[in-house]
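**Student:** Below, each chain spelled out in residue letters.
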Amino acid sequence: MRATRTRKVSPAMDPTELVAHLQRLHTESFGWALSNCGWDEPEAEDVLQTAYSRVLSGKARFGGRSSFRTWFFGVIRNTAQETARRKRKHHQRTESLTAAREMLQQGDGPERQLERAETVRTLRAALQRLSARQREVLHLVFYQDMTIAEAAGVMEVSVGSARTHYERGKARLRTLLKEEGPGEGIPQER
Amino acid sequence: MRESHRNGELEEHDLRELFQDMKAMDQARAPEFRGMVERALDDRVHPTGERAAGASGRPSPSEGWRGAGGLSMSRRWRRGTLAGGLLAAAALAGILLARSPGVSEAEFERVVRTFATDPAGGAWRSPTDGLLELPGQNLLSTRPSIGASGWPGGLPASPTTIHP
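So the sequences go chain by chain: A and B.
Everything in the first sequence is counted per this note's numbering, starting at 10 for the first residue and increasing by one.
Everything in the second sequence is counted per this note's numbering, starting at 16 for the first residue and increasing by one.
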């Protein structure tokens, strides 16, 4: 997995190679798009497809100054921000439907499934209360397994700034999760 | 000190675990890559700025058939019709402008002048024009020329010239 992330990609690549790289990152890219769209699934799909379109049409070109993943995550992030600016109205989140769907897709027993779905729902709610920068850096580090330096590259901020957002975001997230109480399936401080 | 360090580690571990749970759920919901790329390539061939329908190819729950820009289909249709009309008008204007240089301005003026002055070409003349013509009228409308007189042996002597 790590090898995929750190793979060196030539800036001048043919379309087949480009599609192969995009495919390799597809699920991670979708997760990143979801995070950028407040977990609004249709909007995340729109954003991701627009990002694909930009890359395949050559509107967004990989210059080789960072890893392909860092660059493409930047494209997704910018696309999501443009979409958010355009859209004044947010989609209604269908929390219960999503949770039920997620539960069905898991392989654990029903109780564990329910607990996991509820835990994730709580985590998402807590993340929504963080600043955009804090949410981004925590997602990139914990969800995408990036280093803080890589996350800084995607966020287009200095490493120092990313680290500050990371530390503050982590502390704030911890507080928010604690507020939810032990019955919510969130691991508590030990 | 040691305790807080241990707590910090556990906190990171727990957070990572939570995020990984979320990741597993998100990945199960990820749309099919092939379909998305095909639609993206479609966008490349027919770039419209905003897609006619959402990337998912289905109506979003709250907005019905809307694309990335959040425009309804009827609005897109009206916008498309307006753009089409403007395009047609521009094309017509272009054709007219392109054709006009074929008849040069000088040629046009020549035709108009001929038509206005040549009776054979249809120039209008009043039937009473002849009544206004006077005898010797050409002397009033022409200028005398100097140095080209019809006197034999040159100009006659001026009446003011004194001969001894």
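Just so you know, these hints were derived from the structure itself, not from any lab.
Some clues are possibly wrong.
Below, a list of computed lysine to aspartate or glutamate pairs in the EDC-like style, where the Cα atoms sit at most 20 angstroms apart [said to hold, decoys possible]:
id, chain 1, residue 1, chain 2, residue 2
1, B, 38, B, 27
2, A, 68, A, 23
3, A, 179, B, 27
4, A, 187, A, 154
5, A, 179, A, 189
6, A, 187, B, 29
7, A, 179, B, 47
8, A, 68, B, 27
9, A, 179, B, 36
10, A, 187, A, 91
11, B, 38, A, 154
12, B, 38, A, 26
13, A, 187, B, 53
14, A, 179, B, 32
15, A, 68, A, 26
16, A, 187, A, 176
17, A, 187, B, 32
18, A, 68, B, 57
**Student:** Look at each hint and say if it fits the structure.
**Tutor:** Results for each hint:
1. 38/B to 27/B: Status holds; Cα separation ~16 angstroms.
2. 68/A to 23/A: Given pair residue 68/A, residue 23/A holds - Cα atoms ~15 angstroms apart, limit 20 angstroms.
3. 179/A to 27/B: holds, 8 angstroms
4. 187/A to 154/A: violated, 24 angstroms
5. 179/A to 189/A: Distance ~16 angstroms between residue 179/A and residue 189/A Cα, so the pair holds.
6. 187/A to 29/B: holds, 12 angstroms
7. 179/A to 47/B: violated, 33 angstroms
8. 68/A to 27/B: Status violated; Cα separation ~38 angstroms.
9. 179/A to 36/B: holds, 17 angstroms
10. 187/A to 91/A: violated, 34 angstroms
11. 38/B to 154/A: Holds, at roughly 11 angstroms.
12. 38/B to 26/A: violated, 26 angstroms
13. 187/A to 53/B: violated, 44 angstroms
14. 179/A to 32/B: Given that 20 angstroms is the threshold and the Cα spacing comes to 14 angstroms, the pair holds.
15. 68/A to 26/A: Within the cut-off at roughly 17 angstroms; holds.
16. 187/A to 176/A: Satisfied, since the Cα-Cα distance of roughly 17 angstroms is no more than 20 angstroms.
17. 187/A to 32/B: holds, 16 angstroms
18. 68/A to 57/B: holds, 15 angstroms
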